Amino acid sequence: MSVPQSSAPAVEVRELVREYKGGIRAVDGLDLDVAPGEIYGFLGPNGAGKTTLVRILTTLLRPTSGTARVAGHDVVAHADAVRRSIGVALQEAAIDPLMTGRELLRMQGALHGLRGSAAQERAVSLLERVGLTQAADRRVGGYSGGMRRRLDLALALVHRPNVLFLDEPTTGLDPTSRGALWREVRSLNDEGTTVFLTTQYLEEAEQLADRVGIIAAGRLVAEGTPDVLKARIGEPMLHVELAEADSAGRAREALGGLGKVEPADPGAPTRVVLRTAAGKGAIAPVIRALDEHGVVVESVEVETPTLDDVFAAVTGSHLEGAGAVEAAA
Amino acid sequence: MNAAREGRVVLALGRRSLSVQFRRAQLLMPTFVLPLMLLAVIASGTSAAQDLREFPDVASYLAFIVPGTIIQGALLAGLTSGAALAADIEFGFFDRLLAAPVRRTSLVIGRQAGTLGLSVLQTVFFLLVALVFGARFPGGVDAALATIVLAGITAVGLGGIAAAIALRTGSLALLQSIFPFVFVLLFTAPAFFPRELLTPVLRDAAVYNPLTYVVEAVRGLLAGDSALGDPWVGLAAALGLAIATTALATFALAQRLRSL
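Taken in sequence, the protein lines are chains A and B. Per numbering that gives the first Met the number 0, the first sequence starts with residue 0, numbered consecutively. Per numbering that gives the first Met the number 0, the second sequence starts with residue 0, numbered consecutively.
Keep in mind that the hints were calculated from the coordinates and are not lab data. Keep in mind it's a predicted model, so treat the numbers as computed, not measured. All C-beta atoms in this analysis are idealised placements derived from N, C-alpha and C, irrespective of residue type, glycine included. Be aware that a few hints might be false.
[Claimed, not checked] Sample of chain B residues with no beta-carbon within 10 Å of chain A, all distances over it, derived:
| id | residue |
| --- | --- |
| 1 | GLY44 |
| 2 | GLN49 |
| 3 | ASP87 |
| 4 | VAL119 |
| 5 | PHE124 |
[To be verified] Computed spacing ranges between beta-carbons, pair by pair:
| id | chain 1 | residue 1 | chain 2 | residue 2 | range |
| --- | --- | --- | --- | --- | --- |
| 6 | B | LEU144 | A | ALA117 | 27 to 37 Å |
| 7 | B | MET36 | A | ASP189 | 51 to 61 Å |
| 8 | B | LEU144 | A | ASP189 | 50 to 60 Å |
| 9 | A | LYS279 | B | ARG22 | 48 to 58 Å |
| 10 | A | SER186 | B | LEU144 | 46 to 56 Å |
| 11 | B | ARG22 | A | GLY233 | 51 to 61 Å |
| 12 | A | PRO174 | B | SER170 | 33 to 43 Å |
| 13 | B | ARG103 | A | GLY223 | 32 to 42 Å |
| 14 | B | ALA58 | A | ALA117 | 49 to 59 Å |
| 15 | A | ARG61 | B | GLY6 | 23 to 33 Å |
Extracted from the complex, chain A is given alone in its bound form (with noise of 0.2 Å):
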């Protein structure tokens, strides 16, 4: 994360209500900051309210009650300013495939008051960023999903907006092109830019953002830094798996100190489990603990938290995308 750039939150959300036709509530009370400079992943399954929150901090739908400012700007009394300081890729990018890369990023220029010689040098700037220099002169529609992603963040970033959102960015990319993506994101957070993610994918929350929001239902039910989350529903586990079972008894005494072993399992009688906040950091000292107390050990396995865990807890349900890019980063 980048140096914060001012005391005043990027995004400031309060009591906000999103009541559709029907009286269905996509979002539903919510209360969200976001610093500057900070990445925030929103992270919740489809329908959960994450692409009306986007919309409403984009301006591109009303509250039904509630504030929201981004940038400082309430988005409602003062949408202009706030689409002046924002920048946009929405969920499945909405490009015109009838027109070159290029010419879509000069008219976003032109739509932000840039000149023609300005949004010119800005595209070409932007289509080497975004490593489609090559691919500048030809329709949109022959671009692979990874390119149409690539340039639907260029095209948010013509104007060098404060606050940047991206709506489930790589969903439906490939692994190669959801590692770039996500490098280009931090680095563009690196220079500044307040990042607002939404996205379904666990992975990506935790690689990417400093602070993740779970939404369910159109509720905020747990928010914080990836580690705070994780550490809050409980401390790592070590899986100790011994030679002979009978050795179980000295075990257990001999880790004590280390940290809380769970009840002996009748079913697993070679196996003592120990929870530690040290996580793997624990391995050589429970090693070293057991062999002092001449307890022969087959295997030892760490068992940590991860997200998926922490939706389970605060959701009652797991994420459907849960484990689906582990070879992207």
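Since the structure of chain A is already known, use the hints to place chain B on it.
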């Protein structure tokens, strides 16, 4: 936001609207090919009408019906422009425009600028094709230029109606389904026959159809004979239509934004 900046936005949107039009074969067919096909059919099939007593004294039947083709082109330019806007709304591109810091009215006027550009190209094309096939326009170059202006304003007027429908419904399918109504508008105006030869019902309907005055004005201009149509009445009808429907489209956009 200043006027120069909004002007650049309108130009950018107009350029985009026009260039995309030429990259969509399914839009070129109705806007450039269909009017010429109808012109060929009518010119070859109903030219005997020129021998009727009520038919005005004109140099050639082809030159008489070319204004109908030009107005048909304007109608189809307006309709396809509305359909393209509906597609933008349906497929999300319009959101990109709404998320930009531009006047909402510029989004409508930018689309209309594209329609105007398309109509200018169409009219030039139709006039050149007609010339190649033997039509003669005694009104000369000035009349041709005035025709291009009139057709362009008319296309903007018709594009305004289509844009209003697109903004109200956001439905490409609906815009496509109203395609046949273009011909109702066209044939309740004296597009291919003089008003005097229309049936009484059509003649009464023609009085209320603004295209009547535009097509007659174009006919009068190209023939160099104001007895066939008053250019100023045509200009007033076209301008009135353009202003009213652009306002309607702007209102539809405001309504759409309020209902978000």
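Hints and how they fare:
no.	hint	result
1	GLY44	holds (37 Å)
2	GLN49	holds (43 Å)
3	ASP87	violated (8 Å)
4	VAL119	holds (21 Å)
5	PHE124	holds (21 Å)
6	B:LEU144 / A:ALA117: 27 to 37 Å	holds (35 Å)
7	B:MET36 / A:ASP189: 51 to 61 Å	holds (60 Å)
8	B:LEU144 / A:ASP189: 50 to 60 Å	holds (57 Å)
9	A:LYS279 / B:ARG22: 48 to 58 Å	holds (57 Å)
10	A:SER186 / B:LEU144: 46 to 56 Å	holds (54 Å)
11	B:ARG22 / A:GLY233: 51 to 61 Å	holds (57 Å)
12	A:PRO174 / B:SER170: 33 to 43 Å	holds (38 Å)
13	B:ARG103 / A:GLY223: 32 to 42 Å	holds (39 Å)
14	B:ALA58 / A:ALA117: 49 to 59 Å	holds (53 Å)
15	A:ARG61 / B:GLY6: 23 to 33 Å	holds (29 Å)
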